[in-house]
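A.B. asks: Line by line, the protein sequences give chains A and B. Just so we're aligned, residue 15 is where the first sequence starts under this note's numbering, counting upward by one. Just so we're aligned, residue 409 is where the second sequence starts under this note's numbering, counting upward by one.
Please keep in mind that the hints were generated in silico from the structure rather than gathered at the bench. Hints may contain errors.
Derived lysine to any residue pairs resembling SDA-like cross-links, with alpha carbons at most 20 Å apart [to be verified]:
| hint | chain 1 | residue 1 | chain 2 | residue 2 |
| --- | --- | --- | --- | --- |
| 1 | A | K35 | B | K565 |
| 2 | B | K667 | A | N393 |
| 3 | A | K397 | B | Q532 |
| 4 | B | K565 | B | Q532 |
| 5 | A | K128 | B | T557 |
| 6 | A | K397 | B | F661 |
| 7 | A | K397 | B | K565 |
| 8 | A | K397 | A | P199 |
| 9 | A | K198 | A | G226 |
| 10 | A | K67 | A | S29 |
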Amino acid sequence: MTWDNTTLFSDDNPSDAAFRKEVRDWVGENCPENLRDRPSRVTPPEMKPWHRKLYERGWIAPHWPKEAGGMGATLEQQLILFEEISRIGAPTPFPHGLNFFGPILIHAGTPEQKAKHCNGILSGEVTWCQGYSETGAGSDLASLKTRAVLDGDHFIVNGHKLWTTNGHYADWMFALVRTDAEAKPRHAGISLLLIDLKSPGVTVKPIKTIRGDAEFAEEFFDNVRVPKENLIGPINGGWKLATMLLGGERFATGHPRNAAILLNRARQLARVTGADTDPVFRQQLASLEIDLLAFTAYYRHGAALHGLGRVPDSMTPVMKLAAGPLAQLASEFLVQVAGPSGASLADIDVNGEAVNPSEDMFEMRRVTVGGGANEIQRNILAKRALDLPS
Amino acid sequence: MEPILSEQQSLMRETAVRLCKDHGGPKRARALRDSGTEMDIPAWMEIVRSGWLLAAVSEESGGLGMGMFDVCLALEEAGKQLLMVPFAEVASVAHVLGKIGKRAEIQLRAIQDGLQILVPALPQEGWGNVGSAIPAARFEGGAWYLDGTIRHVPFAKTAQAYFVAATVGDELMLCVVLKHLVTLNTVHNVDGSTSSELVMNGALVEESQVMARGEMAQTLTDCLYDLLAITSGAALVGVSAMALDMTLEYIKFRQQFGKALGSFQALQHRAADCFVDIELNRSLVYRVSATYDAGEAHRAMAAAVKSRTSRVALAVTRNALQLHGAIGYTDEHDIGLYYKRAITLASLYGNDINQAARFSALTL
Numbered sequence: 015m016t017w018d019n020t021t022l023f024s025d026d027n028p029s030d031a032a033f034r035k036e037v038r039d040w041v042g043e044n045c046p047e048n049l050r051d052r053p054s055r056v057t058p059p060e061m062k063p064w065h066r067k068l069y070e071r072g073w074i075a076p077h078w079p080k081e082a083g084g085m086g087a088t089l090e091q092q093l094i095l096f097e098e099i100s101r102i103g104a105p106t107p108f109p110h111g112l113n114f115f116g117p118i119l120i121h122a123g124t125p126e127q128k129a130k131h132c133n134g135i136l137s138g139e140v141t142w143c144q145g146y147s148e149t150g151a152g153s154d155l156a157s158l159k160t161r162a163v164l165d166g167d168h169f170i171v172n173g174h175k176l177w178t179t180n181g182h183y184a185d186w187m188f189a190l191v192r193t194d195a196e197a198k199p200r201h202a203g204i205s206l207l208l209i210d211l212k213s214p215g216v217t218v219k220p221i222k223t224i225r226g227d228a229e230f231a232e233e234f235f236d237n238v239r240v241p242k243e244n245l246i247g248p249i250n251g252g253w254k255l256a257t258m259l260l261g262g263e264r265f266a267t268g269h270p271r272n273a274a275i276l277l278n279r280a281r282q283l284a285r286v287t288g289a290d291t292d293p294v295f296r297q298q299l300a301s302l303e304i305d306l307l308a309f310t311a312y313y314r315h316g317a318a319l320h321g322l323g324r325v326p327d328s329m330t331p332v333m334k335l336a337a338g339p340l341a342q343l344a345s346e347f348l349v350q351v352a353g354p355s356g357a358s359l360a361d362i363d364v365n366g367e368a369v370n371p372s373e374d375m376f377e378m379r380r381v382t383v384g385g386g387a388n389e390i391q392r393n394i395l396a397k398r399a400l401d402l403p404s
Numbered sequence: 409m410e411p412i413l414s415e416q417q418s419l420m421r422e423t424a425v426r427l428c429k430d431h432g433g434p435k436r437a438r439a440l441r442d443s444g445t446e447m448d449i450p451a452w453m454e455i456v457r458s459g460w461l462l463a464a465v466s467e468e469s470g471g472l473g474m475g476m477f478d479v480c481l482a483l484e485e486a487g488k489q490l491l492m493v494p495f496a497e498v499a500s501v502a503h504v505l506g507k508i509g510k511r512a513e514i515q516l517r518a519i520q521d522g523l524q525i526l527v528p529a530l531p532q533e534g535w536g537n538v539g540s541a542i543p544a545a546r547f548e549g550g551a552w553y554l555d556g557t558i559r560h561v562p563f564a565k566t567a568q569a570y571f572v573a574a575t576v577g578d579e580l581m582l583c584v585v586l587k588h589l590v591t592l593n594t595v596h597n598v599d600g601s602t603s604s605e606l607v608m609n610g611a612l613v614e615e616s617q618v619m620a621r622g623e624m625a626q627t628l629t630d631c632l633y634d635l636l637a638i639t640s641g642a643a644l645v646g647v648s649a650m651a652l653d654m655t656l657e658y659i660k661f662r663q664q665f666g667k668a669l670g671s672f673q674a675l676q677h678r679a680a681d682c683f684v685d686i687e688l689n690r691s692l693v694y695r696v697s698a699t700y701d702a703g704e705a706h707r708a709m710a711a712a713v714k715s716r717t718s719r720v721a722l723a724v725t726r727n728a729l730q731l732h733g734a735i736g737y738t739d740e741h742d743i744g745l746y747y748k749r750a751i752t753l754a755s756l757y758g759n760d761i762n763q764a765a766r767f768s769a770l771t772l
């Protein structure tokens, strides 16, 4: 039996298996060549044609309900789509609109808000970004200070958002803003507001990442007028919306595929460099593959529990704490296997595929920071799962 | 995370929790250790009575018709309560016997009725087990005779018979060897359990005690190795989980600097990391054993289970000791019993490094 680390423990029933094959064939025929196995980052404009194809095929939002324009797919089908898209090295469409904001919009948006925004997210015509972090509000997100003051029919927004992925490409931002400066606890004074980034008073500046590209940006708001009807959910009710886990979101963000792809890359590269006969390489690869297998087991177990509505609260932090460091170790391993090329800016040719280990390694640094640093996840586990005192 | 269980499985699990609590626990493990007793006979009788030894044997072969997944559920509880019984060993042997059919019927029934404790005696060669090898079998005058030495067999003093793989030329043969026909040299392990050297000088095996030969014997021996890896892994998850629970209780209660130790972030983060590793291993054991039951397991999965559960059990129990401070270094405190059980189970049937190497050989 050959070892395939991309479909371990999958729970496909016969109809799932047929669906998997259908997706695999279609993705193989339809994903643009220039987007596959890209060592460098795919930008939103480059992503658009691929996003569009998935949209036209009806597969862009498997996790959205049918009435909102999604597939209403089972979690199993969602995972199949996700896995088959990444299996051939195709990029996954950006999650900010589809996975982060979309479910909140469907859950808490008014009919008018849904009518206005759902289609743009689905078709990919509108690019969204998430405006949460600020200079003084990183791990301690509830201390955010960007103010929105109601003035007649508009909120007047003043402040600064930071580390906004795709901010300089985005048309719209869903932002957490302070609507009550006196609220105690602090998160009770936060609202979720949709901001058109073309509005007067908005300044967007790209920020160069450690990887060397401009993946994220910062935005300055200077007396920006935002129509009152752009408030999502109740006033001062934004924190709950932003932190609630809707549906199977966690399964899209913590998938074991990052590590699987990197380990397969390391394996291929090792065959070229000859490292595959080195017992130390083999032992380290085995150790990482074993961790990947354990994480995949946990992931699949969680997906099955999700189907029964029995996922424990601890699952999200556990997934983050397991997936992030594993993907980082895998990327560092790839750099080791590359030897002197590990430090190179240039791509390495591995049987016709361009591999850039340092790009991968830089990319993976973000996964233990974004969306709540791992140290915060440990705090959450200590309190909620282990019941330790504060 | 909780396993997904049928009603029958939930009942079995509840029973396992109760049985292991009532008949095991650190106090019992300590008493057995202090009296030099390698096996807990009263606890064993309860397990025989429960029928779980044949849980992973089909109903037509007289078993419960469940699977290794169910055996692993019970073994996790046995691990939590430090039960000193060859449950993993005998249930694995029974499962293998169940695949043989009529020839193994008497052996299976003897296990089921508690008339015979039949433990595997596999050489575990190549894993630092120097001087241990597959014995050679010769056929003379209508019977077989075995010669050779197998080292580090657990529960060998109390068992009445050994499930042995022997070579016949290039082929393998699986057979039952009676205890009184071998010489035992037994040493104690850190946790009070034993490791025996089995010396066979022409140990007699009747034709009726030969269970399988040739390719089938090879397949079943491989299978037995895999099952021992998976089941001891399940017990290691239990050992780790209980060690963490005891540690959490301790750091919630113990005060220093005017606060509970458990309120310090450095300690909280250590505990959280242990929790993550145990959670992953529990799912790993569930998934691998269920995949095995479905007939879809890759052999590397069993290696992964034993490698990772061994590594994590050692790390968790070491952390448990550290978080207990000086009291953790005493013989008096029970946490040390968990550390020592982790060391013993991790060393058996291929440790972390052995099994990672095996995983590599099976996947590259």
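A.B. asks: Each hint: holds or not?
C.D. replies: So, going through the hints one by one against the coordinates:
{"no.": "1", "hint": "A:K35 <-> B:K565", "verdict": "violated (55 Å)"}
{"no.": "2", "hint": "B:K667 <-> A:N393", "verdict": "holds (17 Å)"}
{"no.": "3", "hint": "A:K397 <-> B:Q532", "verdict": "violated (43 Å)"}
{"no.": "4", "hint": "B:K565 <-> B:Q532", "verdict": "holds (19 Å)"}
{"no.": "5", "hint": "A:K128 <-> B:T557", "verdict": "violated (75 Å)"}
{"no.": "6", "hint": "A:K397 <-> B:F661", "verdict": "holds (15 Å)"}
{"no.": "7", "hint": "A:K397 <-> B:K565", "verdict": "violated (47 Å)"}
{"no.": "8", "hint": "A:K397 <-> A:P199", "verdict": "holds (18 Å)"}
{"no.": "9", "hint": "A:K198 <-> A:G226", "verdict": "violated (41 Å)"}
{"no.": "10", "hint": "A:K67 <-> A:S29", "verdict": "violated (23 Å)"}
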